[in-house]
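K.L.:
Given next are the chains, with one letter for each unit.
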Amino acid sequence: MVLSQNVSAVGPLNLYPMVHISLVFGISYVLPDFSDESCTLKMTLRNLQSILSWELKNHSIVPTHYTLWYTIMSKQEDMKIVGDCTNITRSFCDLTDVWVNMTEMYIPKVVGFRGNAALVSCVGSFFLAMDTLPLDPPEFEIVGFTDHISVNVKFQSVAPKILNEEELQFYLALIEEQSGGTVKKHKPQINGNVTENFIYVIDKLIPKTNYCVSVYFEPKHPRKIKRSPLKCTLFQPGWESESSESATIGGIITLFLMAAVVISTVMMLKRIGYICLRNNSPKVLNFYKLSVWVFPELPPLEKVATVEVIHINRKKKVWNYNYDDESDSDNEAAPRTSAGGYTTHGLTGRLWPASVSSATLEDCSDPAAEERDLPDPEADAETLMAPGPSPWQSECTSRGYQGRGNLLQDPFSEEDSSPTEGSGDRIVFNVDLNSVCVRALEDNDDSEVTPMLPSGPEETVVLEDPDETESNLLLVASGEGTQLPFPGPSAQYPWPEDSPSDKSDTSESDVDMGDGYVMR
Amino acid sequence: MSAEPDVIRKCMWPVCLMGLFVTSVLSLDCNLLNVHLRRVTWQNLSLLRRMSKSFPIECLRESKAFELPQEILSHTQPLTRDIKEAFYEMSRQAFHIFIQDTFKSTWEEKHLRQVQIGLDQQLQYLEQCLEEEEENEDMREVAEDERTQSGTPVPQLSNLELRRYFNRIDRFLKDKKYSHCAWEIVRVEIRRCFYFFHKFTALLRRK
Chain D
1 MVLSQNVSAV GPLNLYPMVH ISLVFGISYV LPDFSDESCT LKMTLRNLQS
51 ILSWELKNHS IVPTHYTLWY TIMSKQEDMK IVGDCTNITR SFCDLTDVWV
101 NMTEMYIPKV VGFRGNAALV SCVGSFFLAM DTLPLDPPEF EIVGFTDHIS
151 VNVKFQSVAP KILNEEELQF YLALIEEQSG GTVKKHKPQI NGNVTENFIY
201 VIDKLIPKTN YCVSVYFEPK HPRKIKRSPL KCTLFQPGWE SESSESATIG
251 GIITLFLMAA VVISTVMMLK RIGYICLRNN SPKVLNFYKL SVWVFPELPP
301 LEKVATVEVI HINRKKKVWN YNYDDESDSD NEAAPRTSAG GYTTHGLTGR
351 LWPASVSSAT LEDCSDPAAE ERDLPDPEAD AETLMAPGPS PWQSECTSRG
401 YQGRGNLLQD PFSEEDSSPT EGSGDRIVFN VDLNSVCVRA LEDNDDSEVT
451 PMLPSGPEET VVLEDPDETE SNLLLVASGE GTQLPFPGPS AQYPWPEDSP
501 SDKSDTSESD VDMGDGYVMR
Chain G
1 MSAEPDVIRK CMWPVCLMGL FVTSVLSLDC NLLNVHLRRV TWQNLSLLRR
51 MSKSFPIECL RESKAFELPQ EILSHTQPLT RDIKEAFYEM SRQAFHIFIQ
101 DTFKSTWEEK HLRQVQIGLD QQLQYLEQCL EEEEENEDMR EVAEDERTQS
151 GTPVPQLSNL ELRRYFNRID RFLKDKKYSH CAWEIVRVEI RRCFYFFHKF
201 TALLRRK
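Line order of the protein sequences matches chains D and G.
The first sequence maps to residues 1 to 520 in the UniProt record's numbering.
The second sequence maps to residues 1 to 207 in the UniProt record's numbering.
Source of the hints: derived by calculation from the structure; they are not laboratory data.
Among the hints, a few may not be true.
As the list claims (entries may be wrong) - One-sided excerpt, in silico: chain G residues whose CB lies under 7 Å from chain D: (1) Trp-13; (2) Pro-14; (3) Gln-43; (4) Leu-45; (5) Arg-50; (6) Ser-52; (7) Phe-55; (8) Ile-57; (9) Cys-59; (10) Val-188; (11) Arg-191; (12) Arg-192.
On a predicted model such as this, the values are computed, not experimentally measured, just so you know.
Every residue, glycine too, gets a C-beta built ideally from N, C-alpha and C.
Starting from the given sequences, assemble the full structure and let the hints guide the process.
P.N.:
This is the structure:
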């Protein structure tokens, strides 16, 4: 709101009645010009300059020149004339260097003359701190660049004395931009005196958009703000900005492609198994569990029995004796594969290490069984151990028993049949339990008989004695050319618990052959 | 007898406003004293300007130099408490002037009431903050004694000068018999005083 002082022009004719009255009443005084609403006085700060302007309300009165006087309220002083504003034709006066006290109440008086006659007189009062109109906005220019708009604000080089540093902080410069109705305020920091030009840059603009800028001063205390007229420019970024945009888009696309390539490569490697290998190891191999380290879980004990097959390689002895019957027996029977899939070994000449000979077997053997595979323990057993004995059979049985024990000796090796002193060869073989006889050993130190364990037919038997590994032996043969080891003096075997139920499956009933042998 | 309800009705509104302002004042933080004083002082300045359209030129010859004690700002390092006490003294004296009923015809009553309420609010706020500061005054009193011995002007002189200043104003009014021109001249002078103290609040802000 513009503060204006409405002062009436006082003509000299109006004074006469009052003078007359004063004379009548014995009172005389010189009545100064009194205010009358004849003109409007305004105090403005234009470019930080104190400008007093006036405008006559009665336009029919047109003075040719004006003169300005003023006084103050704080002291009893006469009116002072302003030298720069004497007999001026303009209707304003620069009082920047005249009115310097912000706390003072100034009383200006403007008299309009035509020639030497005073046509109009205007008087007002201004308390500079508050009665000053809002600052006129400064001059400025805007320049559009490719990526920003530059606002150049121009201030006067001379600061008014009424504006000391404290008062300068009173005002702030704001720049607005209007784009499609959107108003954005900027508050540039003015460092130093408000007398130097400064440049403010507005960036982050929308291309191909019309921007308008206005500047104004804003006092700290609520006052009316006087804004400058808008100055507009169309923001059109050049090739550089467009190319930058395209470069940005290209960069983004490139990044996406690279990311896609990397992800696909990683997925492929993972599928191949080159990375991120799965750990399918059993739980017992999972050493990352703390409980495993603290409380190691012992693997479940598996009941196994040690079975050791000791090969005793024996040189073939050629018997020069001309025994027709025996000559054949010297020859080791080549292992023949039986119809049942068993490998037979010719053991006729080797049954008795000293005295046992195949003759015994031959004597005792059932002629019908001659053609059977000799290392067929079952067959042997049947031959030798058949119940219903004839005397010779029983004898054969006993002998055969012994012989059988030796029968089980490796025919190919006579060097050392002791498993303790054996060659150490171990053989793991499948045993057809239907073809073997089983005997449970019971602390028999002198037992030279090879025990046979009942196990599932054609099952691989690997027996281990965890306690005695030296003298313990092994077992049993069937099948495929395996040799029967010999028990040690004190062999103990953990019998497999999962004794097959094949025993019951076989049509043959178990026949106790004495000495613990159970024949199937 | 019928005047009592009218009086009550008339006084109800300003009393309620006073109560609200007192409550709001008492809840104010003394750390924001400078902000509050600056705001209230500027409001009073605006009110005094609106109370009269323009200064009557015919009253110009009755003007008088009341000699506002601007030297209270000339101290090199006035203490915060001294500034507050000066503000309190100025508010109290100005309130005493405007609480008189002799200028009812001069200005609009609503403007006058607003000035009174503003000054009273200012007084309450300053009293609260000065009481809080008295609790921590022991050390400052020792410092003031030292300053007194060093020859630096005692800050209490500023309050004495203020009292003399307002006494001159009050005497002017009485001499002029509370005429219209006397009140207009006093209004202009009080505006100068308020603006002077408005600049004074800048010292509180800097501290």
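K.L.:
Hey, does the G:Leu-45 contact hint survive, CB to chain D under 7 Å?
P.N.:
holds (6 Å)
K.L.:
Does G:Ser-52 pass the interface check with chain D, least Cβ-Cβ distance below 7 Å?
P.N.:
violated (10 Å)
K.L.:
Quick check on G:Phe-55 please, does its C-beta sit within 7 Å of some C-beta on chain D?
P.N.:
holds (4 Å)
K.L.:
Answer holds if the nearest beta-carbon of chain D is closer than 7 Å to that of G:Arg-192; otherwise answer violated.
P.N.:
holds (5 Å)
K.L.:
Holds or violated: G:Cys-59 as interface residue toward chain D, Cβ cutoff 7 Å?
P.N.:
violated (10 Å)
K.L.:
Per the CB criterion, is G:Ile-57 less than 7 Å away from chain D?
P.N.:
holds (4 Å)
K.L.:
Against chain D, with CB atoms and a cut of 7 Å, does the hint on G:Gln-43 hold up?
P.N.:
violated (9 Å)
K.L.:
Taking the least C-beta to C-beta distance, is G:Arg-191 closer than 7 Å to chain D?
P.N.:
holds (6 Å)
K.L.:
Have a go at the G:Trp-13 hint: is there a Cβ in chain D nearer than 7 Å to its own Cβ?
P.N.:
violated (25 Å)
K.L.:
Interface hint check: G:Pro-14, Cβ to nearest Cβ on chain D, cutoff 7 Å. Holds or violated?
P.N.:
Nearest chain D Cβ about 25 Å off; hint violated.
K.L.:
Hint check: is the beta carbon of G:Arg-50 less than 7 Å from a beta carbon of chain D?
P.N.:
violated (11 Å)
K.L.:
If you take the shortest Cβ to Cβ gap from G:Val-188 to chain D, is it below 7 Å?
P.N.:
Where the cut-off is 7 Å and the nearest Cβ of chain D is about 5 Å from G:Val-188, the hint holds.
Hint violations for this structure: numbers 1, 2, 3, 5, 6 and 9, all remaining hints satisfied.
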